[in-house]
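Here the protein sequences line up with chains R and D, keeping their order.
Read in the working numbering, the first sequence has 22 at position 22, and its numbers run on one by one without any break.
Read in the working numbering, the second sequence has 194 at position 194, and its numbers run on one by one without any break.
These aren't lab readings, by the way, just hints derived from the structure by calculation.
Since the structure is predicted, the reported quantities are computational estimates derived from the model, not experimental observations.
Warning: the hint list may mix true and false statements.
Estimated spans, in silico, between C-beta atoms of each pair [claimed, not checked]:
1) HIS89/D with GLU51/R: 54 to 60 Å
2) ASP25/D with THR248/R: 39 to 45 Å
3) SER244/R with GLY136/D: 54 to 60 Å
Listed next, the in silico DSSO-like pairs over lysine-lysine satisfying Cα-Cα at most 30 Å (straight line) [what the hints assert, rightly or not]:
4) LYS324/R with LYS104/D
5) LYS203/D with LYS264/R
6) LYS323/D with LYS264/R
7) LYS203/D with LYS5/D
One side of the interface only, derived from the structure: several residues of chain R facing chain D at Cβ under 7 Å [to be verified]:
8) GLY19
9) GLY21
10) ILE23
11) ASN78
12) ASP82
13) GLU83
14) ILE267
Where a beta carbon is used, it is the ideal one built from N, C-alpha and C, also for glycine.
If you want the building blocks of each chain, they are given just below.
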Amino acid sequence: MASKLTQSNGAGWAFALPGFGLIAIFIVLPFFFAFALSLTNQRLISPNPTEFVGFENYRDLMGLAVITLEPERDADGNAIRDEDGEIAYPRVRTITRSDDFPEYRGMREWFRWQSGENARVVIAADVVFMKALRNTLLFVLVVAPVQATIALGLALLINQKIRGINIFRTIYFMPVVVSIVVVSLLWRFIYDGSDGLLNNILAGLTFGLFEPRDWLGETSTALGAIMAMSVWQGVGFHMVIWLSGLQTISPTLYEAAEIEGANKRQIFRYVTWPGLRNTAVLVLIVITMQAFALFAQVDVMTQGGPLDSTQSLVFQTVDRGYRKQDISGGSVISVVLFLIVLCISLLQRWLTRDR
Amino acid sequence: MADLKLRNVCKSYGPVDVIKDVSIDIADGEFVVFVGPSGCGKSTLLRMIAGLEDITSGTIEIGGRVMNDLPPKDRGIAMVFQTYAIFPHMTVRENVAFGLTINKADKATKEAKVAEAARILQMEHLLDRRPSQLSGGQRQRVAIGRAIVRDPSVFLFDEPLSNLDAALRMDMRMEIGKLHADLAASMIYVTHDQVEAMTLADKIVVLRAGEVMQVGSPMELYHNPANLFVAGFLGAPSMNLMPVEVKEVAGTEATVANASLDAISVATKERPIRTGGTATLGVRPQYLTPTAPEEGMLHGTVALTERLGSETVVDVALRDGSKVIAAIGEDRVLAPGTEIGLRFDPAQAHLFDEHP
Ligand SMILES: Nc1ncnc2c1ncn2[C@@H]1O[C@H](COP(=O)(O)OP(=O)(O)OP(=O)(O)O)[C@@H](O)[C@H]1O
Ligand SMILES: [Mg+2]
Chain R
1 MASKLTQSNG AGWAFALPGF GLIAIFIVLP FFFAFALSLT NQRLISPNPT
51 EFVGFENYRD LMGLAVITLE PERDADGNAI RDEDGEIAYP RVRTITRSDD
101 FPEYRGMREW FRWQSGENAR VVIAADVVFM KALRNTLLFV LVVAPVQATI
151 ALGLALLINQ KIRGINIFRT IYFMPVVVSI VVVSLLWRFI YDGSDGLLNN
201 ILAGLTFGLF EPRDWLGETS TALGAIMAMS VWQGVGFHMV IWLSGLQTIS
251 PTLYEAAEIE GANKRQIFRY VTWPGLRNTA VLVLIVITMQ AFALFAQVDV
301 MTQGGPLDST QSLVFQTVDR GYRKQDISGG SVISVVLFLI VLCISLLQRW
351 LTRDR
Chain D
1 MADLKLRNVC KSYGPVDVIK DVSIDIADGE FVVFVGPSGC GKSTLLRMIA
51 GLEDITSGTI EIGGRVMNDL PPKDRGIAMV FQTYAIFPHM TVRENVAFGL
101 TINKADKATK EAKVAEAARI LQMEHLLDRR PSQLSGGQRQ RVAIGRAIVR
151 DPSVFLFDEP LSNLDAALRM DMRMEIGKLH ADLAASMIYV THDQVEAMTL
201 ADKIVVLRAG EVMQVGSPME LYHNPANLFV AGFLGAPSMN LMPVEVKEVA
251 GTEATVANAS LDAISVATKE RPIRTGGTAT LGVRPQYLTP TAPEEGMLHG
301 TVALTERLGS ETVVDVALRD GSKVIAAIGE DRVLAPGTEI GLRFDPAQAH
351 LFDEHP
């Protein structure tokens with residue numbers, strides 16, 4: 001007997017409503033809000049009326065140009081060098097503040113490289129954003145593959161019938177249960193420059209030869225330190241996803257491969273890995289999304305420093321939107337982030353599609 | 001030569017003995033079927049031969065070599081699983097050639113062997129498909145193809161047809177029979193299905209709770225079951241078993257009777273049957289013929305008739321309240337409630353000293 005539930009769609013919609021409603025109110029609506037705000041000059045609290053500014057915010061954020069600086073030359077036409085033998089160039093502000101180049105007005109140097117005698121300088125309208133973008137992309141590029149690979153390795157290790165294997169599963173999963181804020185605080189102690197655990201361990205291992213360093217205080221190590229800690233924290237979660245994927249592979253497939261004489265490597269290549277395809281897509285997409293959302297670690301551990309070397313997109317969004325009250329600026333970054341993540345997940349889906 | 005010898009093979013999982021002292025000889029080229037009720041250890045025994053399960057004690061010899069500690073690939077066996085176990089992401093061709101790929105065979109060998117297997121199994125047109133585009137029977141064919149390519153001296157089948165529907169099962173059964181005739185390799189075949197066992201086997205091994213109940217040709221087992229278990233297990237509908245009193249034992253014959261059975265004498269076949277004791281008389285339904293009540297050796301009333309067209313199965317309630325089944329090889333109408341007598345040839349009856 002067909003019930004009313006299966007006949008009318010009304011009941012179905014009613015059941016779906018709470019979920020849909022929450023998603024609509026907290027995700028879809030804010031997104032459209034953000035997009036609308038990103039086209040205005042709205043501030044968090046401001047006496048001035050809101051004005052529509054079109055894509056000006058986007059230009060201010062993403063303006064990028066490469067300028068070429070020629071060396072300053074003496075009367076003979078030779079490049080002037082300072083006492084270290086470095087070629088002297090005119091300052092970038094002679095261009096960005098000059099009325100001859102209105103298109104470069106207000107831009108600042110991001111980085112430069114040498115090309116023959118000339119210097120090429122990349123100038124950006126918003127250097128902090130560019131650094132945040134670069135750091136975030138780098139973070140994703142390093143964390144996603146490293147975390148996925150380590151998680152898979154751990155999953156393979158704990159997917160064995162050994163006594164007490166559940167103890168290992170618990171240990172590897174434990175960091176996931178602890179709040180990322182707490183983990184970040186703990187790792188601040190580990191990375192501490194004067195008496196941190198990491199410095200002590202390295203000193204112990206090298207019999208005191210290792211020079212202690214301030215892992216979070218140096219531009220060269222800060223981002224790497226945050227990456228390492230993030231991988232450690234999230235690896236247990238993805239391990240569990242891999243594990244569930246591993247357990248969907250039929251044991252008879254392994255036996256069939258064993259009878260054919262496949263060795264461990266061949267079994268992984270011909271049985272395990274193909275059986276994990278769908279899991280791999282899931283893990284990669286989830287890790288990528290999570291990595292793009294990098295915020296708490298930065299907020300707790302470095303506040304984007306030193307010298308903006310650990311800025312991230314989400315940190316900048318929050319920093320601008322709330323701390324600097326520039327709600328339209330924050331919205332612009334979140335729209336940009338949305339587009340990047342959208343493109344990447346579409347790309348991943350396409351790369352891992354069923355052929 | 002790849003004759004296979006199991007010597008006092010045992011298997012225990014912790015304190016549980018799953019296989020108990022099994023010894024079987026299988027000659028080269030023989031088709032052996034393992035049958036038995038669910039959980040009796042058929043698969044376990046087969047997997048021990050394959051090397052997928054280790055042997056607690058005893059030895060397994062193939063072609064004169066003890067195989068106990070060799071990995072599966074070195075035993076000269078190939079196995080076909082109930083769930084096919086073909087690799088879902090590979091084409092049929094890649095699946096069939098898997099063993100060759102693993103062992104880095106060259107391309108020409110690979111192609112020749114795959115073509116040969118495909119020809120034997122008539123699946124040339126399927127070679128470029130993926131398993132998801134195949135029917136159950138075709139998948140099982142692929143699995144058999146992968147086994148053939150290994151060129152094994154012993155094929156192991158674990159209920160290969162039980163995931164297939166009845167009609168297909170019959171086709172594949174015949175094909176496996178043909179394959180055995182063509183390849184002349186030994187085959188060990190596990191099944192639940194009596195018809196598969198009876199039609200395919202050169203030799204049937206009946207197992208129960210990890211012990212061998214009887215080994216012999218299908219007809220030997222059917223006509224001369226060694227014990228009550230084999231008697232009741234083989235044959236459909238299963239053998240009628242009646243408790244009887246032993247009136248007299250004279251030489252190799254015993255005279256038995258009960259409330260609904262007139263005294264008859266049946267061969268004792270050297271079983272310990274004593275005058276004044278009790279025994280179990282077994283008669284297959286096919287050997288019971290209905291007659292007029294006064295002419296019968298068994299007396300009762302018809303309880304139910306099932307007409308199958310070619311055969312009529314009659315449920316008869318005997319005078320002492322027990323039931324027997326008679327299978328008559330023709331279409332007959334017998335109204336429930338009618339008094340009936342049943343006759344049989346005592347030479348077709350079996351007398352067991354055990355009790356069901
Ligand atoms: N890993 C194991 N640990 C403990 N007992 C097991 C294990 N594997 C199988 N058994 C037991 O061994 C016995 C034989 O199992 P097996 O799979 O060989 O039965 P089978 O005869 O193939 O049954 P079926 O006809 O249902 O396939 C069963 O009673 C089962 O419970
Ligand atoms: Mg089984």
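Hints, verified against the model:
Range check, HIS89/D to GLU51/R: about 57 Å between beta-carbon atoms, so the 54 to 60 Å window is met. Between ASP25/D and THR248/R the C-beta distance comes to about 41 Å, which sits within the given range of 39 to 45 Å. The hinted window of 54 to 60 Å between SER244/R and GLY136/D is violated, with their beta carbons roughly 27 Å apart. Our distance criterion of 30 Å between C-alpha atoms is broken by LYS324/R and LYS104/D, whose separation comes to about 65 Å.
Between LYS203/D and LYS264/R the CA atoms are separated by roughly 38 Å; this puts the pair beyond 30 Å, and the hint is violated. Note on LYS323/D and LYS264/R: the hinted pairing is violated, with a Cα-Cα distance of about 59 Å set against a maximum of 30 Å. The suggested pairing of LYS203/D with LYS5/D holds, with an alpha-carbon distance near 14 Å, which does not exceed 30 Å. This hint is violated: GLY19/R has a C-beta 32 Å from the nearest C-beta of chain D, more than the 7 Å allowed.
This hint is violated: GLY21/R has a C-beta 39 Å from the nearest C-beta of chain D, more than the 7 Å allowed. Checking ILE23/R against chain D by beta carbon gives a least distance of about 34 Å; that is not within 7 Å, so the hint is violated. Violation of the interface hint for ASN78/R is found here, the shortest Cβ-Cβ separation to chain D being roughly 65 Å, above the 7 Å cut-off. The closest approach between the C-beta of ASP82/R and any C-beta of chain D is roughly 63 Å, which is over the 7 Å cut-off, so the hint fails.
For GLU83/R, the shortest C-beta to C-beta distance to chain D is roughly 66 Å, which exceeds 7 Å, and the interface hint is violated. Residue-level restraint check for ILE267/R is violated (minimum Cβ-Cβ distance to chain D is 9 Å; threshold 7 Å).
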